[in-house]
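*Asks:* Under the working numbering, think of the first position of the sequence shown as 4, with each following residue one higher.
Keep in mind the hints are simulated off the structure, nothing from the lab. Honestly, I wouldn't trust all of these hints.
Claimed, not checked - For each label pair, taking beta carbons as the anchor points, the in silico distance ranges come out as:
1) N249 - E189: 41 to 49 angstroms
2) I338 - N249: 22 to 30 angstroms
3) K370 - E177: 20 to 28 angstroms
4) A376 - R279: 53 to 61 angstroms
5) K370 - P180: 23 to 31 angstroms
6) S351 - G128: 30 to 38 angstroms
7) R372 - R190: 25 to 33 angstroms
8) R156 - P180: 34 to 42 angstroms
9) R38 - R323: 22 to 30 angstroms
10) Q288 - D35: 33 to 41 angstroms
11) R174 - G349: 44 to 52 angstroms
12) R354 - Q288: 35 to 43 angstroms
Built from N, CA and C at the ideal position, the CB exists for glycine as well.
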Amino acid sequence: MRRLRIGVLFGGRSTEHEVSILSAQSIIAAMDPDRFEPVPLYIDKAGRWLVGGSLKRLVGDDAARKYVYLPPDPTQRSLVAANDRSTQELPSPARGGGQGGGLLPLDAVFPVFHGLNGEDGTVQGVLELANIPYVGAGVLGSALGLDKIFMKRAFAAAGLPIVDYLPITRRQYEQDPDAFIALVEERIGYPCFTKFANSGSSVGTTKAHHRAELLEGLRLASSFDRKLIVERAIDARELEVSVLGNDQPQASVVGEVVPAHEFYDYEAKYLDEGSRLLIPAPIAQDAAETVRSMAIQAFLAVDAAGMARVDFFVERRSDRIIVNELNTIPGFTRISMYPKLWEASGLSYPRLIERLVDLAIERFNDKQRSQTAIDSRLLEPETEQ
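Generate coordinates for the entire structure from the input sequences, incorporating the hints supplied.
*Replies:* Below, the structure written as structure tokens:
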């Protein structure tokens, strides 16, 4: 049986660039060599798409790298690899890619981005134009899954409980910061969290216990994005569920994060060994089933596909279950929560990767059933009467 060529897209112009590299390395190493031929596709911090042997080390001789372009002919289901980055015009597939590069045919792409310019629907749009199957949510689901403001609106519209929050743009805040601070203190109170809307891995997230910390948190968040959000901080346990599937998704067992710090920030997630992951979470069976059901509802509410990790709060004083957020491309190293939850549910890391590729192709084939053209005489020349 022919091996499938799977482009593994990683890196990107994002504050989570390094996390993406770690996830991609784990995925490539775990791919079944009898079924898959992984093709590393790296987007550097300047936004250049690179492919070549040097990417195995992510450093090395630039001459060994090839620059990748989107072909003008989506029927090719490929990207164009060109040796000359100065090429201004997209190479023609009919000319073999131009600049000595040639086509880079792919059966599917596995995007492994975290954060902006990759997890937000931008790369998914490129792959839609290239007509290539890809793992994970589409353009809409990816955009909703990264923008915390619209994500919360989608959850609320689906009847899911969420934490109280206030959104604001950077420009609105800068025009009248005192008014917004007063509004936060009136409606949200302390402690509270400040974030930028299109964030992940808790980058740029701070906890404010008083006005000075709130001001500093908003200053930091506004350095990353034009859209800001302030959320009420609640005393709660943090639960996570992995979801897998397309239109009929399934939920994993429930896990619990026990952070070593006051909240599960970037350092706690990736650098601090003091945080603990409890799988399965020590909660009642009926509560676990409720959380799993709500995870699937959240997945469908944002039109996710393939995979997502859904995070929850369980308020300590009331046991109320609240949806926190959804991550359409969760961390994917072997020790990340998403694959660990599926492993505890009976699905191994290599088999999970296979299943995600299968789901990508399944979704692509289903999309091909949709009619994209109609018979029309609009452009036919008018006949003389």
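*Asks:* Verify the CB-CB distance for R156 and P180 against the hinted window 34 to 42 angstroms.
*Replies:* This hint is violated: roughly 24 angstroms between Cβ atoms.
*Asks:* If you check the beta carbons of R174 and G349, does the distance land in 44 to 52 angstroms?
*Replies:* The hinted range 44 to 52 angstroms holds for R174 and G349, with Cβ atoms some 50 angstroms apart.
*Asks:* Please check whether N249 and E189 have a Cβ separation lying inside 41 to 49 angstroms.
*Replies:* 43 angstroms, holds
*Asks:* Check the following: the C-beta atoms of K370 and E177 are separated by a distance inside 20 to 28 angstroms.
*Replies:* 42 angstroms, violated
*Asks:* For A376 and R279, compare the CB-CB distance with the range 53 to 61 angstroms and indicate the outcome.
*Replies:* 55 angstroms, holds
*Asks:* Verify the CB-CB distance for I338 and N249 against the hinted window 22 to 30 angstroms.
*Replies:* 27 angstroms, holds
*Asks:* Looking only at beta-carbon atoms, does the pair Q288, D35 fall within the given range of 33 to 41 angstroms?
*Replies:* 35 angstroms, holds
*Asks:* Could one say that the CB atoms of R372 and R190 fall in the range 25 to 33 angstroms?
*Replies:* 47 angstroms Cβ-Cβ, so the 25 to 33 angstroms window is violated.
*Asks:* If you check the beta carbons of S351 and G128, does the distance land in 30 to 38 angstroms?
*Replies:* 32 angstroms, holds
*Asks:* How does the Cβ-Cβ distance of R354 and Q288 compare with 35 to 43 angstroms: does it lie in that range?
*Replies:* For Q288 against R354, whose Cβ atoms are near 26 angstroms apart, the range 35 to 43 angstroms is violated.
*Asks:* Lying within 23 to 31 angstroms: is that true of the beta-carbon distance K370 to P180?
*Replies:* 46 angstroms, violated
*Asks:* Do the Cβ positions of R38 and R323 conform to the proposed distance bound of 22 to 30 angstroms?
*Replies:* 45 angstroms, violated
In terms of the numbered hints stated before, the structure departs from hints 3, 5, 7, 8, 9 and 12, listed from lowest to highest.
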